[in-house]
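Colleague: One-letter residues, chain by chain:
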Amino acid sequence: MMRNIKYLITGALFGIVLVKSEVVSWFRIQEMFRFQAFHMYGIIGSAIIVGLISIQIIKRFKIKTIDGEDIVIPEKKFHWGNIYGGLIFGLGWAITGACPGPLFAQVGGGFLIVAVTLVSAIAGTWTYGLIREKLHH
Amino acid sequence: MEFITQPWPWYVSGTLIGMVIPALLLSGNKAFGISSTLRHICAICIPANIAFFKHDWKSQTWNLFFAIGIILGGFIAVHFLGGQHPVAINPQTTTILKQQGVKDFNGLLPKDIFSFQQLLSLRGFIFIVVGGFLVGFGTRYAGGCTSGHSIMGIASLQWPSLAATCCFMAGGILTTWFILPYLLKL
Numbered sequence: 129m130m131r132n133i134k135y136l137i138t139g140a141l142f143g144i145v146l147v148k149s150e151v152v153s154w155f156r157i158q159e160m161f162r163f164q165a166f167h168m169y170g171i172i173g174s175a176i177i178v179g180l181i182s183i184q185i186i187k188r189f190k191i192k193t194i195d196g197e198d199i200v201i202p203e204k205k206f207h208w209g210n211i212y213g214g215l216i217f218g219l220g221w222a223i224t225g226a227c228p229g230p231l232f233a234q235v236g237g238g239f240l241i242v243a244v245t246l247v248s249a250i251a252g253t254w255t256y257g258l259i260r261e262k263l264h265h
Numbered sequence: 012m013e014f015i016t017q018p019w020p021w022y023v024s025g026t027l028i029g030m031v032i033p034a035l036l037l038s039g040n041k042a043f044g045i046s047s048t049l050r051h052i053c054a055i056c057i058p059a060n061i062a063f064f065k066h067d068w069k070s071q072t073w074n075l076f077f078a079i080g081i082i083l084g085g086f087i088a089v090h091f092l093g094g095q096h097p098v099a100i101n102p103q104t105t106t107i108l109k110q111q112g113v114k115d116f117n118g119l120l121p122k123d124i125f126s127f128q129q130l131l132s133l134r135g136f137i138f139i140v141v142g143g144f145l146v147g148f149g150t151r152y153a154g155g156c157t158s159g160h161s162i163m164g165i166a167s168l169q170w171p172s173l174a175a176t177c178c179f180m181a182g183g184i185l186t187t188w189f190i191l192p193y194l195l196k197l
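For the protein sequence lines, the chains are R and D, in the order given.
For the first sequence, this note's numbering begins at 129 and goes up steadily by one.
For the second sequence, this note's numbering begins at 12 and goes up steadily by one.
Just chain D, with the same shape it has in the complex (with noise of 0.2 Å):
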């Protein structure tokens, strides 16, 4: 029990990951991604006769499932599988993101940015509120995300896969360098 209960290294994490790949085809023919959910819900909650919204996901429910998987893994590994702790990264990050104002480091995401008395300050607005939506946009506007791109895409020897990897990094590169140190100290 002391292997599970402890944070899994990245290679066992990694190929376990790498295996939802051939699981998806084997089992059904389904190409591993996440991001398209996130346009079914948009199709059955608020279509507003938008074209891109009447698309066949009805076809597509099962990736309504995986994501409710996810959630429920997540609940599961949290509760069950000692999932929340304080996280060992480098402490040359634990300096920076200090000196940028962070101040809780006791879990998987910091307090003092992720909560809902946090939410109605402009630096939790940005953090939840506009990330969210730049995730949104940006998985859909790029065509997926790290699972579907980054993961299933460049496995499938895709190149523009490898192209909007490219872009999410170095989109998220020059956001952490440049534009993040102004946002933490909101």
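One chain only, chain R, in its complex shape (with noise of 0.2 Å):
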């Protein structure tokens, strides 16, 4: 419990920004899929710019984490499901407006509603548990 009380904070504090930056605005992802504003790309590019020198950092210098492990980065294989998964979550982001992320930040935020779209987000990850065999990789 309280080595997680790190990760709860680090979320919050992720939540915050995910509103304070409008990232959980259905209009702002409107706005993006449309390309009639740079608001999303700006943020999206500025994160990944900032976690990749990062994560470059902590290569070149071999720093471990706060206990003294090496860090280790799960590589991630190509398997088919990137395409069409992806293009199933584009489909549904663009419809709902969210991503898993800002989902919790709107419930917390006092959407309750979208209360309703996260279980309904659970039901489909439930759903591609249950048919994963049958679907092309």
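Since the hints were made in silico from the structure, they are not lab data.
The C-beta atom is built at its ideal place from N, Cα and C for all residues, glycine as well.
Please note that a few of the clues may not be correct.
To be verified - Which bits of chain D does chain R cover? Going by a derived footprint, with three or more residues having C-beta under 8 Å, they are: (1) 81-87; (2) 168-178.
Said to hold, decoys possible - In silico BS3-like pairs for lysine-lysine, Cα to Cα no more than 27 Å straight-line: (3) K109/D <-> K196/D; (4) K69/D <-> K192/R; (5) K69/D <-> K205/R; (6) K262/R <-> K196/D; (7) K65/D <-> K205/R.
Since each chain sits alone in its own frame, please combine them into the complex, following the hints.
Modeller: Here is the structure:
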């Protein structure tokens, strides 16, 4: 429990940024997919650059975790789910105006109807688990 | 305080989001990602003897704490940091959305689509329930979402994440341009 408090705090800071940057807004996602603003591209782009530089620094200087472990980044292997699943998620993202992070932030922000969307997303993940063997990967 | 309560500019927000990556790596070797929490919740609540939900979620409880943190963060930002207000989007976007039938522009989400009253209408059901289902199904099939693939995956130079991100965008753009106009009119 105590070990996990730091993730709770990091999550809370992340949730605050998601709201204050308006990433949780359905309107911002609409604007992004219509190429009518730089806002979302700027946020995702600068987050990638900051993450990329941090990871390079961690690797270059072999920085360890606070517990002294070597830092390992799990490798993502390509499968066709990246393509098909990606397109399906894109479809859902444009409709709900929210990816999983913002769904949690919206519920916390008092948009209780989004709890229904979140439960439905859990049902979607469950259905994937159920028919996983039959899907092309 | 003025700076805190105003919407934050993209470069401040993007930098802070990017810093979540080293924060998670340094504090416990955790790779930034959120959609996996949905899988863990399935394993905890309704495993139903499905092989995919017999994974070792107990070693991933950090992810659930992170998600609970996001809920708390959303609460704090909306209630104490002035998070709920009309969003200053491009007036052209507003014009198009009005033409397509969106009426409420007073908050982060349009209440004439996302509300309990609308849930029982066909349009509300599609935006609230079907949309959510596609997000949960698609992210797991794709092996990640905007955080795990688009930010963490690309930042760690993994090309499958770049491919997935291109598909997220392609799916979103095609939907917004060619499908949403019909869904909004329902």
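Colleague: Run every hint past the structure and note whether it holds.
Modeller: So, going through the hints one by one against the coordinates:
no. : hint              : in the structure
1   : 81-87             : holds (count 7)
2   : 168-178           : holds (count 10)
3   : K109/D <-> K196/D : 11 Å, holds
4   : K69/D <-> K192/R  : 24 Å, holds
5   : K69/D <-> K205/R  : 23 Å, holds
6   : K262/R <-> K196/D : 35 Å, violated
7   : K65/D <-> K205/R  : 21 Å, holds
The earlier numbered hint that this structure contradicts is number 6, and it is the only one.
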